[in-house]
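Build the full structure now, drawing on both the sequences and the hints.
In order, the protein sequences belong to chains G and D. With this note's numbering applied, the first sequence has no gaps in its numbers, which climb one by one up to 618 at the end. With this note's numbering applied, the second sequence has no gaps in its numbers, which climb one by one up to 618 at the end.
Treat the hints with care, as some may be off.
Since copy identity is lost for identical chains, a pair holds within one copy or between any two.
[Claimed, not checked] The calculated DSS-like cross-link candidates involving lysine-lysine, where the alpha carbons are at most 27 Å apart (straight line), are:
| no. | residue 1 | residue 2 |
| --- | --- | --- |
| 1 | Lys578 | Lys533 |
| 2 | Lys587 | Lys499 |
| 3 | Lys499 | Lys542 |
| 4 | Lys578 | Lys499 |
| 5 | Lys591 | Lys533 |
| 6 | Lys499 | Lys565 |
| 7 | Lys511 | Lys533 |
Source of the hints: derived by calculation from the structure; they are not laboratory data.
There are 2 protein chains.
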Amino acid sequence: MKYSAINFKEKFDKFSEHFSPKIIAQMNEYFFKLGKFQGDFIWHKHANTDEAFIVLDGEMRIDFRDNKVDLKTGEMFVVPKGVEHKPFAKNECKIMLVEPAGTVNTGDAGGDLTKEEEVWI
Amino acid sequence: MKYSAINFKEKFDKFSEHFSPKIIAQMNEYFFKLGKFQGDFIWHKHANTDEAFIVLDGEMRIDFRDNKVDLKTGEMFVVPKGVEHKPFAKNECKIMLVEPAGTVNTGDAGGDLTKEEEVWI
Chain G
498 MKYSAINFKE KFDKFSEHFS PKIIAQMNEY FFKLGKFQGD FIWHKHANTD
548 EAFIVLDGEM RIDFRDNKVD LKTGEMFVVP KGVEHKPFAK NECKIMLVEP
598 AGTVNTGDAG GDLTKEEEVW I
Chain D
498 MKYSAINFKE KFDKFSEHFS PKIIAQMNEY FFKLGKFQGD FIWHKHANTD
548 EAFIVLDGEM RIDFRDNKVD LKTGEMFVVP KGVEHKPFAK NECKIMLVEP
598 AGTVNTGDAG GDLTKEEEVW I
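Pasting the structure below:
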């Protein structure tokens, strides 16, 4: 067992790519991932799992087909499984995602932005 | 589906009790809980689950039988299942816990500090 704190700033300093969350911790079969969001992501859904978004620094929006949620530092939202959503951030926004290991960033949508491999930092 | 951000400050303003985490969100079978820690908690372990501690504001320590982890704002640690631990905070520390629904705060230890009921705020 590794007895050391996981520091978000140290982890964020290790990558710059947008919409490519990196794993920083595991709890049972779930991963905690840090991500930097900027611009428009794509519409997608996760058929088999909810997905938690926690904003650590900045502002973002999650668009739904019939609504939206604005999030800022110190706020979170859980997107229910099967619900189409599209993350957006005008300026770079630092977030934490919590979701089951194996969750693909683009869900069922595929495409160029898909990260098939989940990467630890 | 409820389309609104969950704001940590608004939730923290709703309770003052120490070592009594309150549920603010659910993701699949897991709860996100906010807690205010101050002083010494008790030694305990969770036989069937890991437990994630995320420090939102302040400093705390998790003691283990053979080690310790110091945590401050912007840091996290996942206590592995079955590992005895004792949270401590000199001054009030605001944290988020992530753990399966039904996880009792004192694990297998019981005693006066046990909260049998998980409460939403």
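The hints, checked one at a time:
With identical chains, the CA atoms of Lys578 and Lys533 are at most 27 Å apart within one copy only, with a shortest distance of 22 Å there and 30 Å across copies. In this homomeric assembly, Lys587 and Lys499 come within 27 Å of each other (Cα to Cα) only across copies, at 24 Å, whereas the closest approach inside a single copy is 37 Å. Taking identical chains as interchangeable, the C-alpha atoms of Lys499 and Lys542 lie at most 27 Å apart only when they sit on different chains, with a minimum of 17 Å there against 34 Å within one chain. In the homo-oligomer, the alpha carbons of Lys578 and Lys499 lie at most 27 Å apart only across protomers (14 Å), although the nearest pairing inside one protomer, at 33 Å, exceeds that limit.
Taking the shortest Cα distances, Lys591 and Lys533 sit within 27 Å of each other both inside one copy (5 Å) and across copies (24 Å). In this homomeric assembly, Lys499 and Lys565 come within 27 Å of each other (Cα to Cα) only across copies, at 10 Å, whereas the closest approach inside a single copy is 40 Å. Taking CA atoms no more than 27 Å apart as the test, Lys511 paired with Lys533 passes inside one copy only; the shortest distance there is 11 Å, against 31 Å between copies.
Consistency note: the structure conflicts with none of the earlier hints.
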